[in-house]
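Sequences and hints are given; from them, build the entire structure.
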Amino acid sequence: MDTRLHSLIDRATGWQAAASPTPQDNVSTARRIGRSARAVGLLATLLSLVSVSAFAECTVTVSPSANKGISPRTHSSWEGDAAESFHSTVGILNVRDNWNDATQYVGFSHGCANTTMLLYKDVRWGGPVLELKAKDYAGALANLETLGWYGIVSSFKILFAPDLSDLSDDISFDTPWNGESGAAIDVGVGADGTAWVVSPGHKVYRYDGVADWEYMNLDGATRLDVDPFGDAWVVLADGGIRKFDNGAWMVIPGSAMDIGVGADGGGSVWIIGTHPMNRVMRYDPRVDGSWIDMNGHGSRLDVTADGRVWIVKYG
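Numbered by numbering that gives the first Met the number 0, the letters in the sequence shown go through residues 0 to 314 in order.
Just so you know, nobody snuck in bad clues.
In silico lysine to any residue, SDA-like type, Cα no more than 20 Å apart, as pairs:
{"no.": "1", "residue 1": "Lys-120", "residue 2": "Ala-236"}
{"no.": "2", "residue 1": "Lys-202", "residue 2": "Pro-127"}
{"no.": "3", "residue 1": "Lys-242", "residue 2": "Gly-306"}
{"no.": "4", "residue 1": "Lys-132", "residue 2": "Lys-312"}
{"no.": "5", "residue 1": "Lys-156", "residue 2": "Tyr-136"}
{"no.": "6", "residue 1": "Lys-202", "residue 2": "Ile-184"}
{"no.": "7", "residue 1": "Lys-242", "residue 2": "Ala-262"}
Label pairs and their in silico Cβ distance ranges:
{"no.": "8", "residue 1": "Asp-292", "residue 2": "Val-209", "range": "40 to 48 Å"}
{"no.": "9", "residue 1": "Asp-191", "residue 2": "Asp-237", "range": "28 to 36 Å"}
{"no.": "10", "residue 1": "Gly-295", "residue 2": "Ala-247", "range": "28 to 36 Å"}
{"no.": "11", "residue 1": "Asp-135", "residue 2": "Val-311", "range": "18 to 26 Å"}
The hints are simulated quantities; they were obtained by calculation from the structure and are not laboratory data.
Positions of the beta carbon are idealized from the N, C-alpha and C atoms, including for glycine.
Put into structure tokens, the structure is as follows:
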């Protein structure tokens, strides 16, 4: 058994494992772990640390407490991808079985440096969301009970990402930066120069072109981009899509996790969809606002001025 496994067992449970354990020691330790409700998720997660670290595979283990009678679930990716919770073979959530899931522990293996997990209080990835970053739980488990989320998670997404720690940070810019007021988690600029942002509070603002930001009466936003006419296309936390049109927000059919708009013609609109998960789709305004499946997967995208799409497949 890996010495890191023993160290984490000691830290989480107070047990002392032998420095050079025999096979009998490992069996004894596993039996003691199996008797502890809090160690169900721990054992599954830490065993994954041992088995995959040499290959930098990322494994995320989602584990309920033992008294719920549900086995731990694992989600793995070698290069990066995305996984969704409670998704049946026909792509439909089982609301009855998965509302208020028994998830208590979340663990990330050694290869998960930039992986993020999003936990939602509602099914179909809606409602309040808790974000867990693997880098914040290196060598530890996230306990949803202490975070105030035990027994209320109804769906989740896992965004696997490659470990970028070995890439160079030696990047410089010759052009000086001009600081602007406010704060943002996403920004988009149209071909006409109109700038929009999503604030840390998930509100949408538009720059007035002089010195201030105007609140545009839309909450719950996570991503946006701007078309050639200066109008924003916004993705909401529940996957909903909105377009600012003639001074009002228009509901666009579909569900997305990211959106990009080109500056070509009427503005090519692309999304990373959620049904099915992570499919790349292009908007077709000629067919009642439908989305065309472009036979690709991704987690982030942007669109060039001539309508070509660039996709981050695993980020």
